[in-house]
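K.L.:
Taken in order, these protein sequences are the chains called A and B.
Under this note's numbering, the first residue of the first sequence is numbered 5, with each subsequent residue one higher.
Under this note's numbering, the first residue of the second sequence is numbered 19, with each subsequent residue one higher.
Read the hints as simulated data drawn from the structure, not as lab findings.
Some clues are possibly wrong.
Claimed, not checked - Under the rule of at most 25 Å between Cα atoms (straight-line distance), these lysine to any residue pairs were calculated in the SDA-like manner:
1. Lys280(A) with Met46(B)
2. Lys123(A) with Lys280(A)
3. Lys280(A) with Pro50(B)
The structure displayed is predicted, hence computed values, not measured ones.
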Amino acid sequence: MRRSAACILILLLTCSLLAGTGITAQGRGQAVLTDDSVRHAFTHNPAFITSSDFSLHIPIQTRVHNVTGILGSDFTGNIKGIMSGDARRMATSILDILRSFNGRMDLLEVEEGLSFTLKGLGAGVFLRQKAVTYDGSLGMRFALEMEAELDWGLGWRWDLDNGYTIAAGLVNRTRIGLRTSLVGVDTVVDFLLDPPSALDISLEEDIANSFDIGTYFCLPYGFSTSFVVRDIGPDGNTATIDTAFGWKGSLSILSLSLEAGLKGWSSIRDEVDLMKSLDAGLSLGITSLLSISAGIDGGYPSFGIDLELLCFAISAAWYWQDYGVVYGLAPRDVLSIEIALLID
Amino acid sequence: MRKTAIPLILSIIVLFASCGDPNIYSHMGYDPAGRPLPVETVRAGKGEDFNLLSLISGYDGNIRLIYKEVDGNYDLLRSLSEEGRIRLVQTVDYLSRYGDLSSYLAGPLDDDTLDACKDTIAFVNSIIDGIEGNVTKILDGLEETGMDVAVVRQAIDSLFEEFGALNRLDPETVEDLISIQLVEDTLVSCIEMFYIILLDIPGDIAEYTWNQFSSDGAWTTDDMLSSISRNAGRLVQTLLDAIADIDQVSSRIPSFVSLDEIVDEVLQ
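Start from the sequences, fold in the hints, and give me the full structure.
P.N.:
Put into structure tokens, the structure is as follows:
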């Protein structure tokens, strides 16, 4: 019995070592348009629906925004205050943490997903919950946003002679968003004093449907390029075009991949748009178990680490988002942690 | 592989080094504060916004400057040059994000702006003196007279009148508008502080919410005083504790305190 278990474990480890390592997009500056992984089929390039004959991906991701701002406050004291059970201490600790949030900023996000691909067909459902802050110089208010996304897609892949591969895919995306009305310090206080009174919060809903169309060209010598038309809505006016050029190489247990690209290049009007559109990333894989990534997305750096063992993947990424009324005025950092079941 | 590993490590080091100001273009000379802004002004509906001025960054990339419907504000905003409007928006944005004028005043200011700031600061100080006096009266009234509702009532009435008077002021310059906004922030911080302090008071005061307070007349002085008078002893102690440790009570009071010092230092 013990020998059988050991054999199964060795077999799984071997499979794990032979399989490709997935990387999170955030740690690599969102530069994964040429990564050719089903992990990015529904988020970045629909052509990757064909990256694997069969795949199952169940990620759970948490993102904490403005990490250095939160840690910059009296973090330990505030956590103690929140845990104290004393209404006044809890309220003041929450306010202190919220001090570094101004205007509309994301506070905390949780995302759960379930997606699969099978012979060029794919479907996925994603649920997102997000706490968002609003307002600035006066009493802070925030809202909870919830989103359900239902995706389905098709993909085709042609392996040609001389190392060329062409893949194309299409994903239809239906999003149903719900947002609570804005709540402020008063609502938090009311909730602490009398939880049922906080149940009056109203909801606003929003439904959207769009298509993404993606292509992927694998060229000789490890080069590849991708071209994605994103968010093609009913009127077609909001569509954006992303493109990227990448390279992959490996030596022994090490692998390196690089990518540079332009997001939304069809709507670039000036140099600031260009700054926001440029992204680039690299990842260094050490066996297929571990990879480290770095990138630049819209002028902000990002770092990531991904660990894959058997069919489980754990990833962490640290990156920045800009919330300024003018690009560059208000960057805030984000820490993202993902745990996923990934079979491909 | 070694040839690729070296640039990789160097890239990571450069990326980490840029974390002080994470935007790499800022290190290459890009100055976001110097950018022109697509600004549109929007008049806030009655009771819609507590601010005299506030900003919303629209999804279309335009900045919406929301202002309260007061004739003086409207006339002033309408007469502003594009440059003046951009400066106003940037300042309000900065204030709303960082809560004080330190960086704004620490930046390069021309003589005209500095002169305007001197007038503004005198204007702010006169209002702040009044507010501080009123807050002190409330505290003194509670501490010295204990339950003397008449004293407390008069002080709180004055405080709220001061607040109402701010929106009736007739600003003549952009700096006046900014000053009024600053003082409003400070006043609301005081009120926010009171609200938090009132958490300790059980009973019907908890029924009054921020929104009720901010809408006209919902939270009257009588309502507040009736609760205070029933809980005055506890309130006095809580207020005194809070004032002694004010940093932990309000997020914006420290900015208000530092504003005075910073402004004095800059103008000396």
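K.L.:
Does each hint hold? Answer for all of them.
P.N.:
Going down the list of hints, with the structure as the test:
1. Between Lys280(A) and Met46(B), the direct Cα distance comes to roughly 15 Å. Compliance with the 25 Å bound is thereby established for this hinted pair.
2. Taking the CA atoms of Lys123(A) and Lys280(A), the gap is near 36 Å; set against the 25 Å cutoff, the hint is violated.
3. With a CA separation close to 13 Å, the supplied pair Lys280(A) and Pro50(B) stays within the 25 Å bound.
Checked against the numbered hints above, the structure violates only hint 2.
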